[in-house]
Amino acid sequence: MIINQLLVDLKGGSVKLTRRNFVKLVSALGASAFLTTYKSDIVAALEETKDYWHIAWLNGGACTGCTISFAQTADPDILQILTEILVGNSGMPIVLPDYMETIHLASGSLAEEFKERWKRGKDGRRILIVEGAIQDPGYCVIAGKDFREHVLDAVKYADAIIAVGQCATFGGIPAAKPNPTNAKGLADFLREEGVNKEVINLPLCPVNADQLVVTLAAVVIGAEIELDDYGRPKMFFSTNMHNDLCPYRPYYDKGQFVEVPGEGEGCKYKIGCKGPITWTDCPLRKWNNGTSYCVEAGAPCIGCSEPGWPDEFSPFYEEVSNLTSAIIDPTKLGTGIFGATLAGIGVHAVRRSLKSKKEVEENE
Amino acid sequence: MSSVVIDPVTRIEGHLRVEMRTKTLETSTGNWTVVDEAYCSGTMFRGIEIILKGRDPRDAWIITQRICGVCPAPHAEASMQAIEAAFNVKPTPLAILVRNILHGAYYIYDHIIHTYLLIGPELGVLAKYPPMVPPALGKEGIAKLSLGSSYAQALDIQRKANEIVAMWGGKFPHHQTEYPGGMAVKPTAERIAKTLSKMTEIWSWIANVMVRDFMKILEANERIGEAISTILDVDFRGLQDLGASTGNFLSYGLFPDHENYDDWLSILYSPGYRKSALINAGAWDGERKAFDLKKIEEYVRYSWYENASGLHPSEEDLPKPNKEKDEAYSWLKAPRYDKRVYEVGPLARMINTFGTKWKIPMINPVTGEDLGYFEYEVQNPQGSVIDRVAARVALTLLIATKMFDWLQEAKSYLGEKVTVKKDKVREGEGFGLWEAPRGALLHYIRVRDYRIDRYQAVVPSTWNFSPRDDFGQPGAAERALEGTWLPEMSVAKICDAIYPEKDVDLSPLGIPKKVSWGEALAPALKQLGLARLNIEKVNGSEYNTTLALLVIRSFDPCIACAVH
Amino acid sequence: MGDFVEVERHSKFVRVCHWGIVITCLFLTLTGVQLAFGVKVIDDAQALHIRLGFIFLGLWILFSYFALTEEWKWISPKRIPYSVKFVIEEAIAWIKGDHVDDPRAYDPKRREYVEKVIPSQVLVWWTYVALTLVIGLTGLALYDPKTYNFVLKASEQLSNLLGVDSYAFIRATHRFVMFLYAAIAVTHAYAATIFGTLGSMIHGKRKEKVATVGDLKRKHVPKAIAGAGGR
Ligand code: HEM
Ligand code: HEM
Ligand code: NFV
Ligand code: SF4
Ligand code: SF4
Ligand code: F3S
Ligand SMILES: [Mg+2]
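Residue numbers (this note's numbering), protein chains in the order written: chain X, 253 to 616; chain D, 265 to 828; chain E, 29 to 259.
What the hints contain is simulated information worked out from the structure, not anything from laboratory work. Keep in mind the model is a prediction, meaning the values are calculated, not measured. Worth double-checking, as some hints may not be accurate.
Pairs of lysine-lysine residues, derived as PhoX-like cross-links and limited to a Cα-Cα distance of at most 25 Å, are as follows [unchecked claim]:
1. K584/D to K429/X
2. K287/D to K480/D
3. K181/E to K429/X
4. K486/X to K40/E
5. K621/D to K603/D
Beyond 10 Å from chain D on every Cβ pair, some chain X residues (computed) [claimed, not checked]:
6. N311
7. V471
8. R501
Facing chain D, according to a computed beta carbon distance under 7 Å, are these residues of chain X, among others [stated by the list, open to error]:
9. L357
10. I394
11. P426
12. P458
13. Q508
14. G542
15. A549
16. I580
All C-beta atoms, glycine included, are put in the ideal place defined by N, C-alpha and C.
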């Protein structure tokens, strides 16, 4: 396989980062390992463009967790990204006149003016990042203008659009039943508004910083990002947690399960792990500078990379096969039917044997 | 009178609009514009409480975490404690220690982020203190002028603190390892050892850099006070005379004692102090008073909801949003204690636990090196910008030090049960009372037929940024903004007014020249498109909102929290 | 009392297939239970389960091939309504403490069955087919969700209706059908025992009743029988 060959070459340190093998390398290594291995190559590749990339990061129906997650990048860290990488050699720093409410310096009317400057940024170099869901009019208003308008306006100028986190991709928690504000993901919103532009979806709750950095790097160096049916980069979201990646899989196969959270070793299936219905590379990539991820820390995966989350993945502590339990629990119903059958047979058999005894007696 | 509006307020979490009606202050030196009345509006609503209804109660803590990605961990904890109260199950002592470790690390991150990234830039600029000014000249600026050196380190240290959260929680934001009756994470010697090694670095940074940076600001504060007093000809001591609020401070207590969880729980049933916890509960109104859960009510007259006003959280219905409601101007409700306005947050925690004089020993927990004390006396009994910042620094130090005790203690519990599992209850209700970084946090859950029947969260920023209540009392921040000066000059001009001397040496940058602080800032700001930083234009006049923003940010607003 | 004649009821091929199915099914259930509930059976339950799954499906294909080509007239779906009526009659008779006469009979002159299977077994057969199809398809979808994506797609509407992920639905269905399978299997095994055909599935031979013209005219036999069975 190409990937295996790549890994062998990697160990020998012979693979150079190019636009063409970018995606393959990320899939082979997982985002965090890729970033540490290729940091200097990325920086070099980006510095070659010697050009400032304009980023507007908009927050809608969000919790700002994705911003905070982004701030956890380690190698490169967020300061390097914003001062060295994304700006090339311009020397312009974190407070650049781009838009990112949670960290940039401007407030009030100057902040709104920052958005206008982003729009006037160089053609082909404007990235729009959206965090948070898009809601019905009136539920999110910034500077007197509905968030929907802010988005529609910015989308016109964006050369690449990245939706970060569950909320901006698939609606997330705000869109959970009964969806009080009719929240939805960016791609759905644009489709409804008749805007035909590609959105790169980076779900998970929150977005994984390494995935975002890799995606930004891919956009900037012009590497082609292949997307799946849900707009997610295949390099991150095409492996099944449970079948392809989980290090606890041998426990599952042996039937060794954790039954009380925090007690014992084993697979987390019985405390609700949604790995079997989740397609991410969490076990490879992990979180917070490659520190850990949900299952490694002892928790069940709750499937935050998937459309339909959380409703189709809850109750979170319910086994995957029992998820229909709100209506029917297949195990209980199944055991019931099987038990009733056995009972029926039992009754039949007992009556039959009594009757045959009687017949024998009569014949005597 | 005119109306100065800041919308959006940035470097906070969420969507906040602040409107300030002004009045004129006449003094011997001239006519000055100050804030007469302020109106704070939260402008985004999601309805998380509505979303919770009908779900498995155990899912609540995972969903309520998503109320806010800046402070997910406290929501998780308050929610989990509410669930445990409803399920009638207690976490094991080992679980309590693990929770303290996880949440302790979380706290360190949060207070650092606020002190440096959110409120820091204005403090650094006003204090003429380059390490706290954002690294506007990148790596070179950090190396040559120390411009942003602390800011850059803060980013690094907060990340390391969160790596501890991830180690015990799987990831941050939104950790995943709590469970009713304990924790899903297995405490191991390895996890403890790794945490200790990270904490060693974090502790020294806090003691040596964060505390030092604060002392520098404190020094500069006198200068700021003198300068503003002269300009305005009023008695203005400095940032302690900026942002005074009601002087009522509420705290629910934080970090329970793993051997005395009953004391921790007692407050749910009768008034108390949670004295055994690291941070106590209390309702300070000039003196220490026991906290009484029954005295909390939420008012909605000025909020965009159709709900009944003035109810206890256990009696409130799910929110019924109505954006057209008369008089209303915010998605926040107005929580009140004993019908009065209380401030919550780090200052409230410190005052309710230690009174107004604090003395925290700084002995390196690893090397034993004695760095003396962090000492501070609250300078304004009504609260103020500088007191709030001081409390945040003090708590960061206090918690970082305490982390070592919890880790040590956890070692001795290794091998014991971390979870006594409890999965469900048919009927039940419970409160979780915890301190989030921004203040007192309450979650309430009611379970009927194994499902969530009603959920209510009353959140720190709701207290601090509430609109007016039914009695017309403005919220804590609205009140704190009253009287704030809105100078009609640029940021660079303000700096020049405070520091006229030309002593900023630009030669490290290859410019053989000494200029004043304002002269150094002006071209940098201009180049960055920030010449009009914090300026709002109203009817031809230009007001500088820097001081107002300092007041607002001193409360560390989180509007996703406040509205939920 | 009628006469009896010993005939080869089941060929070796059928018997081997049948017991092959029985054995793989048993181990599939055991390993399946381990996968689902952690009842320890063997170290790598997953690998065994999937391998057996394919053998099981293969045997079923052979078995079905045989049924289609050789036994179709006994089990064709046309006989389902008749079988249902038979089962109802049987049940009513059973409650009354009576029982329906065994319709099976063999015509030695023509060397063929007049009626080979107890009509209730027709229903068992079709239930087996349906369940096997479902458990097989869901099993394949669990095994390789990409290749067998059509299974997920096909079930999507139903799973949407239930508000769960389609893969979770497939998993729940696979598990549920296991129980149904077990229920059918025990009923079927019990029926085989009481109708005295167990031996014929082992050594192939059974003493069958010799058919008389009267067999077709018994008044308790539902009308549907006439003309419906293998003539
Ligand atoms: C009588 C036949 C079968 C029975 C009773 C059976 C039973 C089960 C059960 C109970 C599970 C566990 C499901 C859960 O976790 O809830 C399972 C899983 C599975 N079965 Fe079957 N199964 C049967 C046939 C098959 C067949 C024909 C295949 C196809 C190749 C198959 C493939 C699988 C796979 C791939 C899994 C998932 C294993 C995993 O977790 O990765 N099964 N089966
Ligand atoms: C899941 C497991 C099983 C499957 C799929 C299965 C399937 C079948 C099928 C389709 C037939 C019909 C053959 C025909 O019409 O000639 C059959 C017949 C038979 N099966 Fe099974 N069987 C299973 C389990 C068992 C078990 C456990 C037993 C015995 C204890 C058994 C005993 C028999 C016998 C005796 C016959 C012949 C019935 C007859 O000739 O009417 N089977 N089986
Ligand atoms: N207010 C608030 Fe939070 C905090 N700290 C809280 O519960 O910020 Ni997002
Ligand atoms: S169920 Fe979860 S923990 Fe278990 S093997 Fe699958 S992904 Fe891993
Ligand atoms: S393991 Fe699951 S819950 Fe955890 S981050 Fe990954 S997808 Fe989300
Ligand atoms: S819940 Fe928060 S973390 Fe992102 S995906 Fe949504 S904004
Ligand atoms: Mg509430």
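Outcome of the hint check:
Taking the CA atoms of K584/D and K429/X, the gap is near 16 Å; set against the 25 Å cutoff, the hint holds. In summary, the hint linking K287/D to K480/D is not supported, as the alpha carbons are separated by about 33 Å, beyond the 25 Å threshold. About 23 Å separates the Cα atoms of K181/E and K429/X, which keeps this hinted pair within 25 Å; it holds. Proposed proximity of K486/X and K40/E is contradicted: the alpha carbons are some 51 Å apart, above 25 Å.
Pair hint K621/D plus K603/D does not hold up; C-alpha atoms about 28 Å apart against a cutoff of 25 Å. Once the 10 Å rule is applied to beta carbons, N311/X is inconsistent with being away from chain D; the minimum gap is 7 Å. Residue placement check: V471/X keeps its beta carbon more than 10 Å from all beta carbons of chain D (closest about 22 Å). For R501/X, the shortest C-beta to C-beta distance to chain D comes to about 18 Å, beyond the 10 Å cut-off, and the non-interface label holds.
The restraint placing L357/X at the interface with chain D holds, with a minimum CB-CB distance near 6 Å, inside the 7 Å limit. For I394/X, the suggested interface contact is upheld, since its CB lies about 5 Å from the closest CB of chain D, less than 7 Å. A cut of 7 Å between beta carbons decides the hint on P426/X: the least distance to chain D is about 4 Å, and the hint holds. Because the closest C-beta pair between P458/X and chain D is about 5 Å apart, less than 7 Å, the hint holds.
A least Cβ separation of about 15 Å between Q508/X and chain D goes past the 7 Å threshold, and the interface hint is therefore violated. For G542/X, the suggested interface contact is broken, since its CB lies about 9 Å from the closest CB of chain D, more than 7 Å. Taken as an interface hint, A549/X checks out: its beta carbon lies about 4 Å from the nearest beta carbon of chain D, inside 7 Å. With a least beta-carbon distance of about 16 Å to chain D, the hint placing I580/X at the interface is violated under the 7 Å criterion.
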